[in-house]
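> Generate the whole structure from the sequences, applying the supplied hints.
Counting from 1187, one number per residue, gives the positions in the sequence shown under the numbering used here.
Hint data in this document are derived by calculation from the structure and do not stem from the laboratory. One thing to keep in mind: the hints can contain errors.
[Stated by the list, open to error] Cβ pair distances, simulated, as ranges:
1. S1565 / E1389: 41 to 47 Å
2. F1782 / E1751: 16 to 22 Å
3. E1504 / S1431: 49 to 55 Å
4. P1354 / T1526: 23 to 29 Å
5. D1698 / G1856: 24 to 30 Å
6. E1761 / D1468: 43 to 49 Å
Heads up, the beta-carbon is just placed ideally off N, CA and C, and yes, glycines get one too.
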Amino acid sequence: MKNCSGLLCMLAVVALTGCAPNNPPVGIVQPTTVAATNTAPSAATPPPAPPTAAPEATVQAGQEFAIDQRATSTADALAQVALEVRSARIDPGVLVLRVAFVNITDESFQVLGGVGGAAARLRDAAGTEYEPIEVPPSLQAISPEGGFSPGTANLGELTFDMPAGGEPYELRFPQYSPITFQLDTPLARVAERPIAPGSYSLEGVVRSQQEALRTIELRFSELNVQDDTLVFDLAFANVGRQGFSLLGSLAGDAARLIDAEGQSYEPTEISASLADSIAPPDGWQPQQENAGQITFPRPESGERLRFVFPSFDTLTIEFDGQGQAVASVTSASGGAPAPTVQPSAEEQTYAAIEALLAKQAAATLAGDIDAVGATFDPSIQQEQATILQRLTSLPVISYTLRLAPDAAPGSGSTATRVPVELRYTLRGINPENQFHHDLDYSFAERNGEWLITNTYADQNPPFWWLDDVVVRETPHFLIFTRPDAQAELAELEQETEQAYATLQARGLALEDRYLAYFTATRADFTKLTGRGERYLGLALSRYEFAGDAIVTTSRAFYINGASFEDNSERLAPDERQTTITHELVHLALSADTRPFSPPWLVEGAAVFYSEETGGETRQRVAQDDRLAAASLEALTRAGALGEHDPTGQQAGFEYAFSGETLAYLVERFGEPAVLAFYRDYAAIPAQEVRDQLPQFGGGILAD
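Laid out in structure tokens, this is it:
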């Protein structure tokens, strides 16, 4: 969060001064009060034994030396801050030490008061002590401006007169152990910008250590190195099973980039999606990502970088000089990340059942009947083997099983009728048209292993679940039917292809291929669709929220073959052809249809494109006594045409009325304008729709 009362909370301590009255008190803001030792060099620390003879200096001006020595504080109040001497440089007449105060913890805090770099003293081998003759603004205090972030350093150079008493040297600072060093290791200089410009794949994932954010992952995908900036492509993703809303104002500006020397950099640019919050505007849906970019200045010391975000583990990135970036998860200070939270009993059960479903799905796709059978209780293995045998004859190219987002199997050794999602795609069908069925499974744990003890497919079961399947592929259709309807396939192929050609000629945009189900019995149709036996056909599609969009899946239509045979005397000879065309219109317009699209508009479009309108049909509607009571307002509010008409007579009139209404609108305003009006319902933003509709998907049934 943006303020210090949130995730970047400060620690509260007041450390008192000791016997040095001229030094201000020092303290770290942390939960308890701890008194510091005195701020003058500790009298208890004995000076080093004087050397027998001071060696003569052999160094020359311009030389640089690696020191890399660290001291910890002798005061509890400064236990979180280490003092480092990183390197030394000889300039004419002076010795310049590169010094850092380093936050060695994964916390944020502020050191209040205390002394700065001017309190440092340099002692040579002869015991002569030197004060700094130059202290940079950064070292006027121990703490950097704004305080320490996790793993950061306050860095600067202290300049001393060149000691005359020879080596070894000793840097002393109040409340820190002395650092003894010699100028005997020349500094190996590296290129100022070791990172080559370009794009680096990261593929790193870090998790939050905060319980409230445990289902949120920070995912990194790419780092773009430019001349003066580093741009991170990343996303905050909800990996939980439920929607998640973020309370507070944690946003992209909380990110920090730490370079190899511990210097911290703030973002210079944040994409709009992360500017106000790491969450989407209306919170996360299950498995939803909120992606964006965060840009930082390009550090001078960039061979190792750490991306730090409050309450999350840190992504440490090292560049190997071969154009590769190696990412690892660490703490903010560079150590091991926080331990993973132990999952609860409910979470362990959930994970075990998910693993079982994934195992079964993989075996199903591989056609391994034995492996599939091993996931079921012996009492239902034979039944499930029969279902699998049917499935293996179908052109399935992907197949997944997983617990539904609202599934709650609990923590016991059994779980009854747990919602499970089945998804698959078919060869030749648009891969974005993923077929989705809602099933229920019961589970039991036997000898430490979970098994499926029963399965249920009460609503819209897969076609192969109920009986054997015959498949017919045509240029534009994949037809599934039953063996006792196989004789109809030649005629069905002709009728479906004729419907495709008709709508193509009318200018409707069509997919390359559609799925059509043809049932031989009324009972089969009813079990598959949940609709009454009198229906001639039905188009089915499902809406789902995918991030900030609504997608339509499971696009297919069903033809009730038995209903045409049983009513052949009262139906027109070409009624099945008309019905197939009608249902295909629904699929052609499914991407622009919503559950709240007016039924008269949806069915009117299907009638308009599949049947003759105007002329005798319009005259018949105009002369019908029911016209006086017909109302577009009432038909807009209705769930479906003829929804309270068991005989179908009122439905027939409402279909004709809707078709003639749409035909009139086309005559009056033109077909493009009417189609634009139809599509306006799909233009409503998903976030506005989400609050009014089920969270995890639903069906659109078009008659």
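> Taking the hints in turn, state whether each one holds.
Each hint tested on the structure:
no.: 1; hint: S1565 / E1389: 41 to 47 Å; verdict: holds, 44 Å
no.: 2; hint: F1782 / E1751: 16 to 22 Å; verdict: violated, 36 Å
no.: 3; hint: E1504 / S1431: 49 to 55 Å; verdict: violated, 36 Å
no.: 4; hint: P1354 / T1526: 23 to 29 Å; verdict: violated, 45 Å
no.: 5; hint: D1698 / G1856: 24 to 30 Å; verdict: holds, 28 Å
no.: 6; hint: E1761 / D1468: 43 to 49 Å; verdict: holds, 46 Å
In this structure, the hints that do not hold are numbers 2, 3, 4, in rising order.
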